[in-house]
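Enquirer: So the chains spell out like this:
Protein chains: 4
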Amino acid sequence: MVSIIDFINSLDNQVISIDIPSGLMGDKLFDTKVPKIIHANNTLSIAFPKQVFFLAEATKYIGVWHHIDIGISEMYQQMVAAEAYFIERKDVVHMLNPRNKFSHKGTYGHALLIAGSSSKMGAAVMASKAAMRTGLGLLTTHIPKSAVDILQISSPETMLSIDKNAYYFSGIDLLSNYNAIGVGPGLGLNKESHIALKILIQNANTPMVFDADALNILSENKTWLSFLKAGSILTPHPKEFERLAGKSNNSEERIELQKQFSIKHKIIIVLKGANTSITTPDGKHFYNSTGNPGMATAGSGDVLTGIILSLLAQSYDPQTAAILGVYIHGLAGDISAIENGFESLIASDIIDNIGKAFISLY
Amino acid sequence: MVSIIDFINSLDNQVISIDIPSGLMGDKLFDTKVPKIIHANNTLSIAFPKQVFFLAEATKYIGVWHHIDIGISEMYQQMVAAEAYFIERKDVVHMLNPRNKFSHKGTYGHALLIAGSSSKMGAAVMASKAAMRTGLGLLTTHIPKSAVDILQISSPETMLSIDKNAYYFSGIDLLSNYNAIGVGPGLGLNKESHIALKILIQNANTPMVFDADALNILSENKTWLSFLKAGSILTPHPKEFERLAGKSNNSEERIELQKQFSIKHKIIIVLKGANTSITTPDGKHFYNSTGNPGMATAGSGDVLTGIILSLLAQSYDPQTAAILGVYIHGLAGDISAIENGFESLIASDIIDNIGKAFISLY
Amino acid sequence: MVSIIDFINSLDNQVISIDIPSGLMGDKLFDTKVPKIIHANNTLSIAFPKQVFFLAEATKYIGVWHHIDIGISEMYQQMVAAEAYFIERKDVVHMLNPRNKFSHKGTYGHALLIAGSSSKMGAAVMASKAAMRTGLGLLTTHIPKSAVDILQISSPETMLSIDKNAYYFSGIDLLSNYNAIGVGPGLGLNKESHIALKILIQNANTPMVFDADALNILSENKTWLSFLKAGSILTPHPKEFERLAGKSNNSEERIELQKQFSIKHKIIIVLKGANTSITTPDGKHFYNSTGNPGMATAGSGDVLTGIILSLLAQSYDPQTAAILGVYIHGLAGDISAIENGFESLIASDIIDNIGKAFISLY
Amino acid sequence: MVSIIDFINSLDNQVISIDIPSGLMGDKLFDTKVPKIIHANNTLSIAFPKQVFFLAEATKYIGVWHHIDIGISEMYQQMVAAEAYFIERKDVVHMLNPRNKFSHKGTYGHALLIAGSSSKMGAAVMASKAAMRTGLGLLTTHIPKSAVDILQISSPETMLSIDKNAYYFSGIDLLSNYNAIGVGPGLGLNKESHIALKILIQNANTPMVFDADALNILSENKTWLSFLKAGSILTPHPKEFERLAGKSNNSEERIELQKQFSIKHKIIIVLKGANTSITTPDGKHFYNSTGNPGMATAGSGDVLTGIILSLLAQSYDPQTAAILGVYIHGLAGDISAIENGFESLIASDIIDNIGKAFISLY
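Line by line, the protein sequences give chains A, B, C and D.
In terms of the numbering used here, the first sequence has 330 at position 330, counting the first letter as 1, and numbering is strictly consecutive.
If you want the numbering used here, it's the 1-based position in the second sequence plus 362.
If you want the numbering used here, it's the 1-based position in the third sequence plus 724.
If you want the numbering used here, it's the 1-based position in the fourth sequence plus 1086.
None of these hints come from the bench; they were simulated from the model.
Every residue, glycine too, gets a C-beta built ideally from N, C-alpha and C.
Take the hints with a grain of salt, since some may be wrong.
Unchecked claim - Restraint ranges, calculated between C-beta atoms of paired labels, are given here:
| # | chain 1 | residue 1 | chain 2 | residue 2 | range |
| --- | --- | --- | --- | --- | --- |
| 1 | A | E242 | D | N1307 | 56 to 64 Å |
| 2 | D | P1184 | A | E83 | 27 to 35 Å |
| 3 | D | P1184 | A | K222 | 36 to 44 Å |
| 4 | D | L1261 | C | L898 | 33 to 41 Å |
| 5 | B | N459 | C | E980 | 55 to 63 Å |
Please take these sequences and the hints and turn them into a complete structure.
Expert: Right, here's the structure in full:
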């Protein structure tokens, strides 16, 4: 067998694997001693994508994978306990709450976003605009005093809560009006912001979304994790996740760590990347199907924070807010890539296409 | 009969009512003791929509209603005194004043808008832009001193009157240049603004539009209502209306209260919501046919204030300014929803589509 | 005859006049004693529009006029001395200088615009953007110190000359770099600005465009008119023209006054309105064919100033800069009206459509 | 022969030259004593464009040139050593690095841009936006303190490094995070900026792009040229190149000087103009095929700096970054000209069309 694999891999031909490349296991990575595995250009996966497809290390064997439906009944699919769920259009299309005729802006919640510091106010702008584009009734963004003009010019729909400090987050008084709180985009790492974040966590009575520098501060204060409200959502990229939860040797180990971390701290983890991985306190695991490498660009994560915060404030339960938010974000990015290409895609494009993403789910 | 209604309501079938669901009255809500009523998915209303269709409490019985024209002559329709008029395209299309070839910007009026406070300057931006997009010749927006850059960057067509206070409305000197005055969006509730509003009401010689915090200040100073110029327009949402006119037990009572309030204070009330309800000093009552629940979003009301102010300054009479303004606002929102969906619709979209709304009336 | 005119005018029928409505003279207004004249809905003018078509007072007799070509040869047309020329596409299409392959931004001139004061900085923004959209190589806009952010955010292509005064024009040092100078949009009437304008006129060595408050200051200092560089262009609206040149009893007298004023002061006058009227120092008179009443909106004139300044700096002779500028401005406005309707047309739309106006002349 | 050339040149007919106008040499300019040469309207060049086509002085003889393919094999073309290469779509289409599925924003580099001074902050805005639109992962723009709002409002995706000076570049501390550095757009010529640039050159450990005022400062400090990192890219227009490398009598001499300058200082020179000329340290010479005279407008060069900086930070080698960057810039300009015409094309249009330029290379 090995000699055939070597022979096939030595050819210039297009290589197509059926179900999974020979030599590769469906549900886990190989050992460090790399075995003989077919290097396919395309893999035609039968019935379901395999777990290993979502691990970066396996991509050189799998090439581009395609899903071949063989007619397994939906009912049977739901009976089988899967290790992980692959979130597609059919899964999110029923998650959308319809907007009632006699509803008003109060129906759609009031979110608080805490974001921005002197050299990174754009993050607050992008998260705010994304939140407003995702169905929110009212948004208040808490920003350092020097960012007042920036926010009001960039997003007139956003109301402000103005920090007494000009350059970074030093604290916020009133928390009673809000249905959900998001914190982190462009926040900076000032020591005073550490303390302000601690007090915020203690005082908040609503589910929260943590991103970016809020995660970095959490990483330096891991005891605070036990004070997070149940159902809080953390949205790290792999580097931020490593700071939070420790190093992994490969993406398989990182996924395992993510699952345990969600269960242990009773929080949802949205681990950003290709096929963003979402884990929940009750041990569920989801991979997202939308998104593209053009979204690997500054501010893309700030937009995701705004989207998830917006859904949370509209009373979507945290698991739905995370799954639907990640899906919409990726879909808006896919629409952006069609318009502007991968290279020219910037985070503001994703915001501009949230509407088209929603419409494609109607 | 009742047993049939129960039986029909117990079915999974689509239920279609002809004219009105059995058990529901056309012109008023049922008592608190809820009777047996068909729960229709769709109601095919003969000749005219019934009054009860505009009451939120009845929507679960009516489902989505459709209008079936049975050819009643226009002349006969006008002879019949209706309790309320349902404003459709045919009603507003003749309200539009054509723009004369030799007209100039002076022909189209000079409006004054008083809006914005430190954390809500965006409301001033949105109302200003909406006013300019609705045919106005000249706009001066009076804003706190700290908002100068925000306004001039966001709406270069708008001229400024600059308050000596940096953060809120503290007073305005010159009122003689203006054809209409609008006040309220993002105004805030500072005590000094209370006094400034009182003086403004005393000194103004033109029709005025009151919205948002100007309504909230009026609610705390109800004696001022008798000083409003005849033909002034108030644009509360239901919560603001309650503060102004008191509580109601249901939407039917609220409509009745609205009618009496308009007559008593000789003002037009635009009660915002699905099928926005407009009442006049001479007891007329109108329901709007445009708009959608995507417009339940921050700033939507500020845009309406700008639109109505603009029409008033162009010498539309107050009733026409209110009816046409509400219709255009809803239509621009409906066009926005087609482009961006209900969730992604933001107030700035409505402004951007005012032009297409006008064109659809040509 | 009179009884027939009375009879026709009493009918409800559509009235169409051939060449000119009976009773109306082609080249002048009637006396104050108004004669019997047909009130046409449409006038089908043979060969050329008549002078009287451009006078506002006659519009109620003429209705909408249309031009019927009867094949008079172009050569013969050019032999006949006309009182006034009606500028159409065929007249401007050859005025456009082609852009040479090996040209560079220096080829297209460096213009100076002096504009804006504390409450009217938007005028500086709109004139600057319009200038850059009209083919200019480089633009420096001189603004009060407090407007630095406003300009740089709104028009990054524009370089600044920063006045030492925060709120109005108090003077400018260096004038040697520029190919043309425009002054006036949003300038304000501060006394210091009067003096600064006087010094500017004395020191300038290039053709200049005067608009808005620069015209109002000139009106209060009419002796300065004799110091204007030959070929300077003034762009008043009728009110500003009245302040400059005195009152007229009707639009016919105003046109006559405009011609004399151009000759006497050796300047081009662009009298803005329907069919903008352009007169030159050598007694020529032009009516523009583009434009619409949607352009009767704040900032429309600032855009025209930017356009004409831009053409002047690109070495178009002053007469061509005025004629071509007015034509392009009107055409961009006509394209805007198709997109947004007359009511929603704002000055920024005109700027956005300058490109399409140019393309339609290729 | 001469008499025939004179005779042809005296005709009104369209003149078409095959391969090259008679009397003109393919690879160099004529002497100062101008010989008899055909003045063609169009030249149909056989197989390859001739070197002389890229010299401004020859354009009056050549008219518009067209390329006639006679089927010379690609392999043979590559065997022939050419004096200069004409960069077309087929040459750049393989230069594009595909974006890998499991890549993240770190994969696409972190660039530092140093730009802007008090009256020219727009240059920093345009270069920043262009960099983000060209595939960059992260951008930090170093700006004077007073430009913080301008940048964050105009480009929220850009992070800031804030100079302690309010109005110009006075120095930057941390350089270790960046994959490439660009300096110059709108920088100004303050003496302190001279010193800061010197220190920057000494401390930088990455390839750099020098433009605009950074080139002007280099011109006054030519000894610094020997300290530039190998592979640095300079993007002068002809005037800036003259200041750097000295005068030339014609464009042929200037090209020769450019080649020698690149070799001597081990830098890439991008000499901007029609068919931008690129020379490398190993003596290669390239002419660009995209672009149009509408791009002769303020800010066009700032956009190019942003594009090249972005590619350099993404690990394109300097020669590829220069060639691909110049090609994309010109192509985005060509797409802009189709939309807006030559006259209305502004630098911001080029930025907006970078995405469509990339897509046209897929």
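Enquirer: Work down the list of hints and note, for each, if the structure agrees.
Expert: Okay, the hints, checked on the actual structure:
1. A:E242 to D:N1307: 56 to 64 Å: violated (45 Å)
2. D:P1184 to A:E83: 27 to 35 Å: holds (31 Å)
3. D:P1184 to A:K222: 36 to 44 Å: Since the Cβ atoms of P1184 of chain D and K222 of chain A sit about 39 Å apart, the hinted range of 36 to 44 Å holds.
4. D:L1261 to C:L898: 33 to 41 Å: holds (36 Å)
5. B:N459 to C:E980: 55 to 63 Å: With a Cβ separation near 32 Å, N459 of chain B and E980 of chain C fall outside 55 to 63 Å, so the hint is violated.
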